[in-house]
Amino acid sequence: MLETENDAQFKQSGAAVHHNRCTAFISPKQNIMKGIHIMNSVLKGSSYILVHAPDMLVHGGTTQITERIVNPESDYLKELPKHLRSYDDALKYLPNQVYIGNKTPADMTLAGETWYDKPLGDINRFGKFGEIMPQDEFYILMQINDVFDLVMLDKEFVTKTRPGFEKHPLVDEELLALVREGTDKADIENAINNENAEGIYHDGSLIGCVKKAHDIDTNLSAEIILENLISKASCSLSLMHLIKTTGIDKSEIDLVLDCSEEAVGDMNQRGGGNLAKAAAESAGFLNASGADIRAFCAAPVHAVIHAAALVASGTYNNVVVAAGGSIAKLGMNAKDHVKKELPPLEDVMGGFAALISKNDDVSPEILSEYTGKHDVGTGSSPQAVITALVTEPLDKMGLKIADIDKYSVEMQNPDITKPAGAGDVPQANYKMIAALGVKRGELERGDINAFTEKHGMPGWAPTQGHIPSGVPYLGFAREDIMSGKINRSMIVGKGSLFLGRMTNLFDGVSFILQKNSGSSKTENSESAEKTEAKTSVQPKIILTGTGSEHGEKNMIEGAALAAKRGIDVIYAGTKTCDGVKTVTAESDKDAHEIMEKMLGSNEADGAVTMHYLFPIGVSTVGRVVTPGKGKAMYIATTTGTSSTDRVEGMVKNALYGIITAKACGVKKPTVGILNVDGAQKTEMVLKELSKNGYDINFANSGRADGGSIMRGNDMLSGECDVLVTDPLTGNIIMKTMSSYTTGGSYESLGWGYGPGIGQGFNRLVLILSRASGAPVVANAIEFAAELVKGKYKDVAAKEFAAAEKAKLKSILENLRASNAPDAGSDAVKEPPKEIVTEEISGIEITDLDDAVTALWAEGIYAQSGMGCTGPVVMVNESKLTQAEKVLSAKGFIEG
Amino acid sequence: MSLFENRKVVVIGDRDGIPGPAIDECLKTAGANIVFSSTECFV
Amino acid sequence: MDLENQKRVKEYAEELGAENVIVVIGAAEAEAAGLAAETVTAGDPTYAGPLTGVSLGLAVYHICEDIIKEAVDDNVYDEQISMMEMVLDVDEIKKEMETIRSQYSKY
Numbered sequence: 001m002l003e004t005e006n007d008a009q010f011k012q013s014g015a016a017v018h019h020n021r022c023t024a025f026i027s028p029k030q031n032i033m034k035g036i037h038i039m040n041s042v043l044k045g046s047s048y049i050l051v052h053a054p055d056m057l058v059h060g061g062t063t064q065i066t067e068r069i070v071n072p073e074s075d076y077l078k079e080l081p082k083h084l085r086s087y088d089d090a091l092k093y094l095p096n097q098v099y100i101g102n103k104t105p106a107d108m109t110l111a112g113e114t115w116y117d118k119p120l121g122d123i124n125r126f127g128k129f130g131e132i133m134p135q136d137e138f139y140i141l142m143q144i145n146d147v148f149d150l151v152m153l154d155k156e157f158v159t160k161t162r163p164g165f166e167k168h169p170l171v172d173e174e175l176l177a178l179v180r181e182g183t184d185k186a187d188i189e190n191a192i193n194n195e196n197a198e199g200i201y202h203d204g205s206l207i208g209c210v211k212k213a214h215d216i217d218t219n220l221s222a223e224i225i226l227e228n229l230i231s232k233a234s235c236s237l238s239l240m241h242l243i244k245t246t247g248i249d250k251s252e253i254d255l256v257l258d259c260s261e262e263a264v265g266d267m268n269q270r271g272g273g274n275l276a277k278a279a280a281e282s283a284g285f286l287n288a289s290g291a292d293i294r295a296f297c298a299a300p301v302h303a304v305i306h307a308a309a310l311v312a313s314g315t316y317n318n319v320v321v322a323a324g325g326s327i328a329k330l331g332m333n334a335k336d337h338v339k340k341e342l343p344p345l346e347d348v349m350g351g352f353a354a355l356i357s358k359n360d361d362v363s364p365e366i367l368s369e370y371t372g373k374h375d376v377g378t379g380s381s382p383q384a385v386i387t388a389l390v391t392e393p394l395d396k397m398g399l400k401i402a403d404i405d406k407y408s409v410e411m412q413n414p415d416i417t418k419p420a421g422a423g424d425v426p427q428a429n430y431k432m433i434a435a436l437g438v439k440r441g442e443l444e445r446g447d448i449n450a451f452t453e454k455h456g457m458p459g460w461a462p463t464q465g466h467i468p469s470g471v472p473y474l475g476f477a478r479e480d481i482m483s484g485k486i487n488r489s490m491i492v493g494k495g496s497l498f499l500g501r502m503t504n505l506f507d508g509v510s511f512i513l514q515k516n517s518g519s520s521k522t523e524n525s526e527s528a529e530k531t532e533a534k535t536s537v538q539p540k541i542i543l544t545g546t547g548s549e550h551g552e553k554n555m556i557e558g559a560a561l562a563a564k565r566g567i568d569v570i571y572a573g574t575k576t577c578d579g580v581k582t583v584t585a586e587s588d589k590d591a592h593e594i595m596e597k598m599l600g601s602n603e604a605d606g607a608v609t610m611h612y613l614f615p616i617g618v619s620t621v622g623r624v625v626t627p628g629k630g631k632a633m634y635i636a637t638t639t640g641t642s643s644t645d646r647v648e649g650m651v652k653n654a655l656y657g658i659i660t661a662k663a664c665g666v667k668k669p670t671v672g673i674l675n676v677d678g679a680q681k682t683e684m685v686l687k688e689l690s691k692n693g694y695d696i697n698f699a700n701s702g703r704a705d706g707g708s709i710m711r712g713n714d715m716l717s718g719e720c721d722v723l724v725t726d727p728l729t730g731n732i733i734m735k736t737m738s739s740y741t742t743g744g745s746y747e748s749l750g751w752g753y754g755p756g757i758g759q760g761f762n763r764l765v766l767i768l769s770r771a772s773g774a775p776v777v778a779n780a781i782e783f784a785a786e787l788v789k790g791k792y793k794d795v796a797a798k799e800f801a802a803a804e805k806a807k808l809k810s811i812l813e814n815l816r817a818s819n820a821p822d823a824g825s826d827a828v829k830e831p832p833k834e835i836v837t838e839e840i841s842g843i844e845i846t847d848l849d850d851a852v853t854a855l856w857a858e859g860i861y862a863q864s865g866m867g868c869t870g871p872v873v874m875v876n877e878s879k880l881t882q883a884e885k886v887l888s889a890k891g892f893i894e895g
Numbered sequence: 001m002s003l004f005e006n007r008k009v010v011v012i013g014d015r016d017g018i019p020g021p022a023i024d025e026c027l028k029t030a031g032a033n034i035v036f037s038s039t040e041c042f043v
Numbered sequence: 001m002d003l004e005n006q007k008r009v010k011e012y013a014e015e016l017g018a019e020n021v022i023v024v025i026g027a028a029e030a031e032a033a034g035l036a037a038e039t040v041t042a043g044d045p046t047y048a049g050p051l052t053g054v055s056l057g058l059a060v061y062h063i064c065e066d067i068i069k070e071a072v073d074d075n076v077y078d079e080q081i082s083m084m085e086m087v088l089d090v091d092e093i094k095k096e097m098e099t100i101r102s103q104y105s106k107y
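Residue numbers (our numbering), protein chains in the order written: chain A, 1 to 895; chain B, 1 to 43; chain C, 1 to 107.
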């Protein structure tokens, strides 16, 4: 897209950029230096399906076909059927459940190094990304996808299978109308015996066949029609699930790109195509065209790069990349599996679909300008290949290898490849990337294993060729990026072109998926982009480990857990935390001093601790898991004092909650006010602020009468993103929601009491309870990392400025004037600042400001703050006794 | 040098190990006479 | 080993004489290296290809073995292979190759 007049206007006026929706299409990735705008497209969602296919493995897998030709009487062919897995066993297989989204790659790491020997207890056919379809139902789907009357299914089989198929949540009347009644077994046998039809089997019995589509043309033989119909049907099933997972209207899809490995055509054009359009028709995408992209196993990544460019260029708005499964590769390594007494694990066919759309400001961006590719002249040495695919695009962006949080390479499941002597393919790829890092001086040789653990994943994809090629991670990548777990991921696809005997070349491509830069940013320079890239390496978070009611071991456990999630944790405590950088402290006070020092010197980007003296004006925004639907909710606020005036405090809390939520990636957080004393007045002030131009997205109560005042029920169901309350009530909510499952003394849920937010307060300090358990400790560290990555300081500055612009100050002044009977004390001069370390407690919160002023009047420098047990005044160590005397004399504390 | 003297070399590379062409590049510098080079793919 | 590759190895051994052919492999794993080496010496252990029951006894080496590495120009080896030495379990591969050679290699 060439730079338009409108775009130029936006660039001149930063303000216009903030308020005009059109700016959704302006992102910092637009490279004005090159004179063109590139607006990155985004990954809107993806779907993943498997088809359990044990009989297809036996009859259609090439390893078995070859064996029947070479050794028809072999022991292997006799043994194989005894080793096949049942459908239930395929459902219980962890990697399969990861593929459809019910489990995560992290679950696999936790389970160990093999998974075939660890069946899951519960059975799930459907997952958030798709499903595992049983073989019999798939045959019905295949028949539906056959528009040339080539599939014959046995009548009895159809009668038996149809009821199950009818229950499929994505199968509608229109599809059901296409299910044919079926034919007599005798006709099927006749077609196989006399007309070269290919048999279809289920549970070891013949239940149908596919007829040849031409008498002479081998490209339309029964075997090839079967292979192509399977690919089409499983591709269309992926498309059906994609509509469900993304919620997009079918009519909005402009193009489907099929990236499977089948050739569709006849003797005059053997790879003519277009499987994509055929599957799009089957899935009912009436406004879509299609085209096939073939590049062996690298095709899916090629296809995503194509799709992203077609959308970025404005040619199309919504492009789907999809592929169905391959019957040929079923049981490819089954000989080795059977020999080692394993089930033939390659008994499922895979399919996937991904939707690439115009930038929506939210979904992860596909960086079209920074793709990697293996060129004809690159050479085939592994280091040349990894350089071309991984480090060349990174060098262009000014990034290092470790700046990619997760690499998704070829995600073949090592359960399958290891017994076949082919090793652990993803692991080998991660090692190659790390080894290149060593060669480039970015990593130490001893770091290779740690790198592969941190930046890699175990493989969970079936060895279906194109299916494992980087893309299985797209679903999780989108989630991990949008939740702030990671910033960017690189997806790498590789292909063995030499198998086609046209070249000795290898092939590979890669692209980067990155957190959406949003519409609000106005920087356009490349240097700004580089700075952003550099600061987004893993945040360093320091944890003080002293003072927990559950002992230091509990804190160490939490630190280790967070480190395992990829966060750079620094532990300050009296004991050592294995695997985490530890700074030894002699006492709690010592740990806090270390924390302060590291925050001050920027050795740590943020801190998590059990107590901190925040100045008045600062309070903490916690985050809980609401029990109703498991949704996260920000509690604004949970400790500290935003203001000594209740309503003013709650108004500020709303602002702090919005800042925290936005910094954690919630674009337009909904704000509700808990029905406590002062709620109505707080709502009035917030509405006024909103009217003045500070955009607040008010939540709506789930109760019949609605409104943005939240009742107890709304709190449980998580009706709002940010729940505004006073800190004492917020504190009770935090404790209740964190410990209701344990009975109280151990807080096991949520992310803790959160960061202290306040105007001018620039340290990132998050609070935990002394009762917080290890999981909450880890979550709090992660929460801190999210805030650093989300640039909480910038977000806070922007929100405060916007609120000021909407006259926050004068609104609050009016509020105070109407409340306070007398402004009181004559201006007392502030004495010279001193280091304040000693706390005096026991002062009423409403008297706090006056107590400080009283000390100032005596020439003692003092600050107010919130201690563990309530408000405190802090003074210099040398002035403690004197200050206590003053406060006691004036009646602020008991003498 | 004596290893390859008067002998013909067949190269069987591995896509996930050392690919054929990378082996070829090396063996050429050792004076090897390569008659066939191929790369296997296990996945 | 791929059936086509077995066929080619067999043809060259027959045409040039087994003593005149040397096989160099690049397998990623010791097990796969062992299988390939066994195929061109003792015969195809999977009973699938043209080398089933054919004991050629060829000289066979992995590219990462010292005898090959020493014959290759250092710079080229560094450029083409050295990175993979950090990835592959070279010691395991060497051990496996030596075992197979001592058992089955005739040349």
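Rather than coming from a laboratory, the hints here were simulated on the basis of the structure.
Check the hints yourself; a few may be wrong.
[To be verified] No farther apart than 27 Å at their CA atoms in a straight line, the calculated lysine-lysine pairs in the DSSO-like style are these:
1) 396(A) <-> 833(A)
2) 106(C) <-> 28(B)
3) 339(A) <-> 69(C)
4) 805(A) <-> 829(A)
5) 8(B) <-> 95(C)
6) 809(A) <-> 95(C)
7) 7(C) <-> 439(A)
8) 7(C) <-> 553(A)
9) 8(B) <-> 7(C)
10) 358(A) <-> 340(A)
11) 10(C) <-> 28(B)
12) 418(A) <-> 106(C)
13) 95(C) <-> 340(A)
14) 94(C) <-> 28(B)
[Claimed, not checked] So the derived label-pair ranges between C-beta atoms look like this:
15) 575(A) <-> 85(C): 52 to 58 Å
16) 147(A) <-> 85(C): 37 to 43 Å
17) 112(A) <-> 99(C): 43 to 49 Å
18) 398(A) <-> 85(C): 46 to 52 Å
19) 75(C) <-> 597(A): 24 to 30 Å
20) 47(C) <-> 252(A): 51 to 57 Å
[What the hints assert, rightly or not] Covered by chain B, according to a simulated footprint, are these stretches of chain C (three or more residues, beta-carbon under 8 Å):
21) 3–14
22) 19–29
23) 42–56
24) 60–68
25) 97–105
Cβ coordinates follow ideal geometry from the N, Cα and C atoms, glycine included.
Looking back at the numbered hints, which does the structure fail to meet, lowest number first?
Of the numbered hints, 1, 3, 4, 6, 7, 8, 10, 12, 15, 16, 17, 18, 19, 23 and 25 do not hold.
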